[in-house]
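Trainee: Residue numbers (my numbering), protein chains in the order written: chain A, 205 to 522; chain B, 47 to 180; chain C, 392 to 1234.
These are computed hints drawn from the structure, not numbers from a lab.
Small disclaimer: the values here were computed from a predicted structure and weren't measured.
One or more of the hints may lead you astray.
Derived coverage of chain A by chain C (criterion: at least 3 residues anywhere in the stretch with Cβ under 8 Å from a Cβ of chain C; other residues may be distant) [as the list claims (entries may be wrong)]:
| hint | segment |
| --- | --- |
| 1 | 280–286 |
| 2 | 293–300 |
| 3 | 359–373 |
Here are a few chain B residues that sit away from chain C, every Cβ distance over 12 Å (derived from the structure) [stated by the list, open to error]:
| hint | residue |
| --- | --- |
| 4 | Arg-66 |
| 5 | Ala-124 |
| 6 | Ile-168 |
Restraint ranges, calculated between C-beta atoms of paired labels, are given here [unchecked claim]:
| hint | chain 1 | residue 1 | chain 2 | residue 2 | range |
| --- | --- | --- | --- | --- | --- |
| 7 | B | Arg-62 | C | Arg-1126 | 45 to 55 Å |
| 8 | A | Ile-285 | C | Ser-886 | 53 to 63 Å |
| 9 | C | Phe-1154 | A | Gly-454 | 39 to 49 Å |
| 10 | B | Gly-113 | C | Leu-882 | 57 to 67 Å |
Idealized CB from N, CA, C, for every residue including glycine.
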Amino acid sequence: MLIATALLGIWAGGCQGVRTQSMLHPEGPSAEKIATLWWVMFGVYGGVFLVTLAVLAVALVSRWRERPILGSRFVLVAGVIIPTVILLAMLVYTIQLSRQMSGGPADLRIEVIGHQWWWEIRYPEYGVVDANEIHIPADTLVALELSSADVVHSLWVPQLAGKRDLIPGHPNTLKLKADRPGQYRGQCAEFCGTQHAMMAFWLVVHEPGEFERWVRQRQRAVGAPAPEPLERGRQVFLEVGCATCHRVEGVSEGLIGPDLTHVGSRLTLGAGVFRNTPGNLAGWLSDPQSMKPGSLMPPTYMPPEDLHALVDYLRSLK
Amino acid sequence: MAGPVEDSYRSRDAPRPWRRWFAFLGGGIAWTLHLLSIYAIGEFGCTSGFDETMWLGVSAVAWLLIGASAILLGVATAAVVIGYRDAGGRWNDSDEPPEDAQEILSQFGWVLSALFMLVILIESVPIFFYLDGC
Amino acid sequence: MSQTNGEPTQVDAVTNDRFEATWQSPPGVRGWIATVNNRPLGKRYMITSLMFFALAGVLSLLLRAQLTVADNDLLGPEIYNEIFTMHGSTMMYLFAVPFVEGLALYLVPLMIGSRDVAFPRLTNFGYWMYLFGGLVMYASFVAGQVPDAGWFAYTPLSGRKYSGLGLDFWLLGLGMVEIAGLSAAVEIVVSTLKLRTIGMALHRMPLFVWSSLIAGVMIIFGFTPLLLATLLLEMDRTLGTHFFNPTYGGSSLLWQHLFWFFGHPEVYIIFLPATGVVSTIVPTFARRPIVAYMLIVAALMIIGFVSFGLWMHHMYTTGLPEVSMLFFAAASFSVALASGVQIFAWIATLWGSRPRYDTPLLFILGFIFIFVLGGLTGVMVATMPFDWQVHDTYFVVAHFHYVLIGGAVFPLFAGLFYWWPKLTGRMPAGRWGKLAFWLVFVGFNVTFFPMHILGFFGMPRRVYTYPAELELSGYNVAATIGAAVLALGFLTAASTLVWSMRRGRQAGNDPWNGGTLEWSVPSPPPGYGFARPPVVRDLYPLWPRTSPAEPPAALQAVAATLDRRPAGWRATLLTDAVNGRPQALQRLPGPTYVPFIAAVGLLVAASAVLAKSYSLAVAAAIFAAGVIGYWLLHEPAIERDEAEDLEARLGLPVVASGPRSTGWWGMLGLLAILATALAALVYSYFYLRLYSQQWPQDGLPLPDLTMGYIAYGILAASGIVLIGSSWSRRRRRGRPLGAMGGAALLGAGFIGTQLANLLTVPFAPTHSAYASVFFTLNGFILLVAAAGVALQVGLIARSLQSPEPPDAPAQQLRFQVVEMFWYFAVVAGLIAFATTYLSPHLL
């Protein structure tokens, strides 16, 4: 009955088609293999579960006997020999699957550095620095080189691949490939402190040509002197202290928080948590602690017109 | 200071105690050494890049793993054989327990060691899929 | 029939009264503090741990309330993190293991027919350490600095850069609880090996006793690495060493290895005694012996070993070599065989038995359902690629609650209902017990089953909230409703039990027709448990014999002689570990404050570390060590006359030495703990080295080999002198005391030389991880050597004060344990020398 409920639940979940963080809705070869593995295990071990319970039920309802009719031999066969056969088969299947998933040489290298509580993304081959968004071309094997600036984090995009930890002092690599363009949500999966829950990101998959365009756009320098209507915002950015922690190419060199050179074109704010709208941006700038309590971003007090100028300036950084 | 009570069970032609205890614990000890060695060979061998050394087309790490598994499987097998012979091929499932529990050590030990042998075998399966390195 | 053998007692009223008085604990608070008897202390362990269980349960309800709907801000991240940390830590460290230990301390002596456990004062000490440790952890709430790094406390998040004082409360409290666990483990192991009653050969040991024995051995090898890891982390936090600090060459993964080397066996340490409970209750309700007894023992042994080979399956996502991970996947698969054996043995026992569906059996059947499911998801989680997806998601949360609540709490509640009449003398009300079961069973599944699906749909563990866009609310609402039902079920169970203590029907000795020895004594049992040691011929001594053979008259005579004897002092019978043949008497201590004072000393030391007054901490620790020394020197007294009388009538010594004595085995247990700690330190050394570019790190000089040779050469020489002492003692030639004095002097020489070596090393322990591990490994040896020298000096002083012939068993035993300790110190020293001095030169 429970199993039936489960099946129904998973099936119903599948129908809604909005599961952006579900391992059972794979969009890449690695996640597809694991989803298949799950359904195989579900069948095999679900069968074992049902058979075991059936045997127990028969034991309880069978006719009264003075002495037990089953002895050590039954226990040996049912408890050791049959399970050994099943488990050996599953072990060989698992090993073969692992071998297939090892990948091969990757076509694109991306560095991911975990911070409390955001993701720094670097494309060393293109000289692009970004945060909380990973852009990759479709149908290309990508190697994410994982490291951490503080504590242990774990990178997880369930629709594309299993997770891999970002451990300070122990570099790691996660290879993944996406079948088709789309946006897939990912999240930190290793407890990393106060805002572990709000350390998410989006993995954006482009058509290869479109990815090239995206790279070129990111490589374009924003330039120091902003156009006139935005100059006030740039001043505010430098005056209220944003520049100490954040880098905007040609404007500031802060390294503590995310790079803001192209913040205007990001999908989200606060590490994948809020949609990047003017309202959210203004709220985030003035009172980040109520949107993401415990975040390392301090509140900034400024007159409304300065806030508007700052928001306009940041949104212009595309 | 052996009292009269103690001596009443001793028989002269019984196997030596070490054979009993080896049958009883030999499999477990072999398993422990096996796990520790395959862990150490894996962690230290793969991390240091030793697996790229090839002998006869097979990775040096795989050779080490095969060697350790063969030796320790041998130890477990020895425990099974010794226990089986001392127990006269019987294994006890408590229907007619012998008076002296020393005999239990053999009768039960060889079955236990055989199960540990099975575990060592299962754990050795992955080696043969990674003959070319980690 | 008050005794298994049914013979009327032949002792006079005077002896009887003296016997009763000897085993009495003092009344009131004094007795409460000073009692060393296993039954009140075992009960107290269980009650205390159930209180922590209730506390952790309340915390979990808060967690569920926070998670019911998306984007909830009922608790907020800080409080949520604190609460889930305390929930997990309390359940794992303060409830599950102590409960199991308490149950074993209570039941094992009753099941093996002994009057108490092997080291009663240690039971008392262990309980206080446990209680104080729990209080230290919860004192963090009062201080407003609650631990918030999870029950696993991964470094560097739990290091001093990212976590506050709360972690110190956590580490120190945990350290004390671990010491309690180790005490109870040594206690249970030695009692099981040495105190089994006449004729209880290995194959007549109840399965609960087998499972406690194996769990006890596992605690020794599993808790020690954790105790060491918590000490190292506390040193990182307070003294500034760098074991786990990647900035200075430490490794955060080293913590994970040490933690999970404990963490996985921990699950089985809880689970094994629970299966022991199942294997006890199933035959009683099936009214027949367990099927495949030997295979169940084999399964327990396999779990005992193989559970130490699974720790890496908690680390599949840390980027280990693929082939290594697969070894651990294979090992995890094979441990499933051991559980399969037990499940089918229980089914075979129940087959056609038409059991009575009382509360204990219902909990057992619920256990089988839940545990089989949880075990199978366990095999899935051990399957590496699948784990990459579900690791640290709610799928894993569901899995381990199925295993821990289903696999351990259900059997433990079955056990509570089953042994409640023994504990309290009254039967729990059947109807309310059954209601409690159904509420718990349904509530449990409604709470935890949906969590599997939450994991699939991307809900990670340890998040205080989740966005609405993930559409996880439905399953979370179900889980919260289930949690409320579950809590109601536990509340019903608790009230049923408490109510029955007053109002329940009188139980009598054996209300369930159980077959094991605990049902042969009155309910609740008197302080001594067994007035006369039972003579055992079967696995189920209280059931009609399967073999008609009567026990030999010699054995019957031993039992009869010990009927309410010795009357003037506490003692129980020592038997051999395999066959249960009588070997000697074991004198036991009566009520005392000494262990309590030692525990208070350590509590003060821990509090002083929290208050950052380190000189007070050192002083308190030295005080506690002194109290423990006093404790070791004060052996329980015996009355000469009665001793000689019994010795003559039994033909057995009243005091034993060597492997016959409990003291010898106790020392072996202590050495096993120290050896495990040493192995963990040596492992840490080479692990740190493996992941360092340069060794010694940071261009530090290689250790000075010459000075090392000198210091450790003196230590080796001391070992050789002690071999001479031992030789002359056994040949009764020469002066063993004099030679031991020489060994002690050389030992002191080693301490002085090596201390000078360490003080002249041109870097501090805080320089880098290399420096930290170098100093710690050598410092560990210095501490062991200092303890060894103290033991030798204590023995010499004692022997000079009250000379005893060296071949008197008590004196022999003292020599033996001191020699064992010092041989260990020498070998450990040489291993440390080879690791820290030789290996960087040679490798």
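Trainee: Take the hints in turn and mark each one as holding or not.
Mentor: Now for the hints, and whether the structure bears them out:
no.: 1; hint: 280–286; result: holds (count 4)
no.: 2; hint: 293–300; result: holds (count 4)
no.: 3; hint: 359–373; result: holds (count 10)
no.: 4; hint: Arg-66; result: violated, 9 Å
no.: 5; hint: Ala-124; result: holds, 17 Å
no.: 6; hint: Ile-168; result: violated, 5 Å
no.: 7; hint: Arg-62(B) x Arg-1126(C): 45 to 55 Å; result: violated, 36 Å
no.: 8; hint: Ile-285(A) x Ser-886(C): 53 to 63 Å; result: violated, 46 Å
no.: 9; hint: Phe-1154(C) x Gly-454(A): 39 to 49 Å; result: holds, 45 Å
no.: 10; hint: Gly-113(B) x Leu-882(C): 57 to 67 Å; result: holds, 59 Å
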